[in-house]
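One letter stands for each residue in the lines below.
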Amino acid sequence: MIEVKHLTKRYGDKRAVNDISFKVEKGEILGFLGPNGAGKSTTMNMLTGYISSTSGQILINGVDILEDPKKAKSYIGYLPEIPPLYVDMTVDAYLGFMYDLKKCKLPRKAHLNDVCNLCRISDVRGRLIKNLSKGYRQRVGLAQALINNPPVLILDEPTVGLDPNQIIEIRTLIRKLGKRHTVILSSHILPEIQATCDKIIIINKGVIAADGTADEIAQNITNEHKMTLRIEGPTHTASDKKQIADAIRKVEGVKYVRADMEREKGIYDYDVETDGKTDVRRALNKLCADNGWNILMLQLSDLTLEDIFLRITMDEGILEMQDEEKNEKKGEAKKEKKPRPHIELNFDDSAPEASVSGTDDDSEEDTENGGEE
Amino acid sequence: MGAIYRREMGAFFTSGLAYVFLSVFYLLSGIFFCSGVVAVGTTNTANLFGSMFIIVLFLIPILTMRLLSEEKKNRTDQGLLTAPIGLWDIVLGKYFAALTLFIIAESIVFVYAVILGILGGSVVWSTLLGNYFAMLFLGAAFIAVGLFISSLTENQMTSAVVSMLALFVLYLMDNLAANTGNEFIIKIVMSLSFYTRYIEFTKGVFDLPSVLFFVSAAFIFNFLTVRVLDKKRWG
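For the record, the sequence lines run as chains A and S. Going by numbering that gives the first Met the number 0, the letters in the first sequence line up with residues 0 to 372, in that order. Going by numbering that gives the first Met the number 0, the letters in the second sequence line up with residues 0 to 234, in that order.
Honestly, the hints are just simulated from the structure, not real lab data. Predicted model only: the values in this text are computed from it and were never measured. Even for Gly, the Cβ is constructed at its ideal location relative to N, Cα and C. Hints should not be assumed to be uniformly reliable.
[To be verified] Distance windows between CB atoms, simulated:
1. A:Asp91 <-> S:Trp233: 54 to 60 angstroms
2. S:Val23 <-> A:Glu24: 55 to 61 angstroms
3. S:Gly85 <-> A:Asn35: 30 to 36 angstroms
4. A:Ser121 <-> S:Val160: 39 to 45 angstroms
Could you build the full structure based on these sequences and the hints that come with them?
Next comes the structure, spelled out in structure tokens:
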């Protein structure tokens with residue numbers, strides 16, 4: 000349905016979008032995920048023919064958007080980041096205008112009624128758009144995109160500025176639309192993409208950082224499992240720390256241990272990563288019992304899509320870091336003192352809370368809100 | 000094109016701009032009509048049309064100022080440029096909407112003609128119609144200039160002021176050229192002068208090359224507007 004090949008957009012020296020390729024099949028919902036300024040909107044503007052690409056090709060339903068723009072555009076319903084609403088018109092007049100503009104051949108009254116019902120704006124059809132709330136405006140924008148039943152829907156941050164109820168409503172609507180239309184939607188809000196999309200493309204600094212389903216992405220980025228333990232040692236001193244960490248390291252299935260901060264007096268947290276196959280919890284429990292240590296806390300923290308998103312978008316050289324880490328680990332058993340360039344260290348720098356499992360959600364939520372405002 | 004034309008016509012009236020434009024146009028032309036025709040006791044409308052050049056010069060920028068600049072500012076251009084229509088549809092839809100309003104405005108001269116008839120004067124209809132069309136062509140060219148300038152900015156006021164300046168320069172062009180005293184320059188400028196060509200019309204000379212001149216000017220500026228919209232995509 001949509002095919003994008005080596006798409007690049009340059010503004011002067013800056014590459015806003017760099018060599019992006021992907022394919023969306025009929026009836027799929029594709030999510031574009033990325034921090035603000037990653038190139039999501041630029042890509043969408045190119046897909047819809049609003050701006051041209053510097054190089055590369057876009058095929059909508061087999062039609063090149065630059066070669067036959069009118070035809071390609073007729074397949075697309077587009078809701079830009081800022082809905083293109085004429086605020087001095089009533090909803091009805093505006094939708095009528097878009098109906099004419101798109102040269103829609105469907106029965107006028109029935110089609111507009113359908114669209115309004117679908118977007119739940121039937122009760123405001125007589126009102127001037129400038130008097131509508133942000134949520135309603137967004138929905139009028141969506142209604143406008145749906146006019147003429149385009150096979151492809153491109154929605155740029157469709158839920159920005161909506162209240163939680165409306166967000167759920169719009170997500171449900173998009174899911175519903177995904178059955179009949181091919182949908183591309185962008186967002187910097189992860190749960191939204193997770194909740195609505197079949198396929199996800201994470202885009203950062205103009206390049207695709209990861210793509211696939213949520214699970215695939217998670218698997219590609221990491222197949223490790225992480226947990227955080229809080230263990231009380233016998234002496235309540237730093238010497239406990241080394242002893243305990245060494246002991247945990249010897250447990251089968253443990254790939255990596257790092258003694259974390261002193262969370263309570265004389266008691267330390269340990270970040271443990273396993274190979275993902277062995278469940279080490281029982282072994283750890285036994286270890287502690289045998290040594291007379293007390294486990295005060297055990298928290299599993301499998302990497303969520305959020306962690307991955309944070310890793311990808313915050314760590315510049317994630318891949319190099321991972322490689323380095325692997326190399327490091329081979330010789331690591333003997334050389335303990337050398338500080339490990341572990342990925343978590345980067346997290347600490349950029350988002351102090353993010354590495355501590357359990358607070359992940361909260362901190363992510365905060366950054367989201369910050370980003371929206 | 001039809002959809003955009005209808006929307007622009009609607010917007011002219013809902014925004015009140017049409018009422019302002021029409022009332023100011025009627026007021027000023029009315030004043031010129033009273034003082035230049037009725038008070039003097041003549042049925043010669045040449046003076047009236049001569050003065051109307053100035054009105055048109057200042058009022059057309061009001062008409063065209065928001066046509067494209069507002070679209071850009073409110074990002075509604077995204078809706079237009081991603082719709083399955085061509086750039087010419089957008090530009091011409093807006094252009095003809097402004098032209099329609101201008102025609103409504105200038106058709107007031109027929110009312111004046113009727114008034115002259117009632118007052119007992121005999122109106123020379125051929126001259127009047129000639130003048131009417133002259134003004135129509137002048138407006139057609141000026142609106143294209145205003146629309147073009149509107150496409151260059153996001154700010155309505157900038158658009159209006161720059162358009163007025165541009166039209167004013169077009170008006171003063173012959174004077175400026177005459178001051179140089181250079182035969183060659185004068186000749187070129189005169190042939191490009193909107194004012195000279197227009198004034199010829201008001202004297203009752205229906206000059207086909209001048210008609211072509213105004214129509215070409217309108218075409219060229221509309222073409223430039225299309226280029227501006229197109230360039231934005233490639234920028």
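Are there hints from earlier that the structure breaks, and if so, what are their numbers? Violated hint (a single one): 1; every other hint is consistent with the structure.
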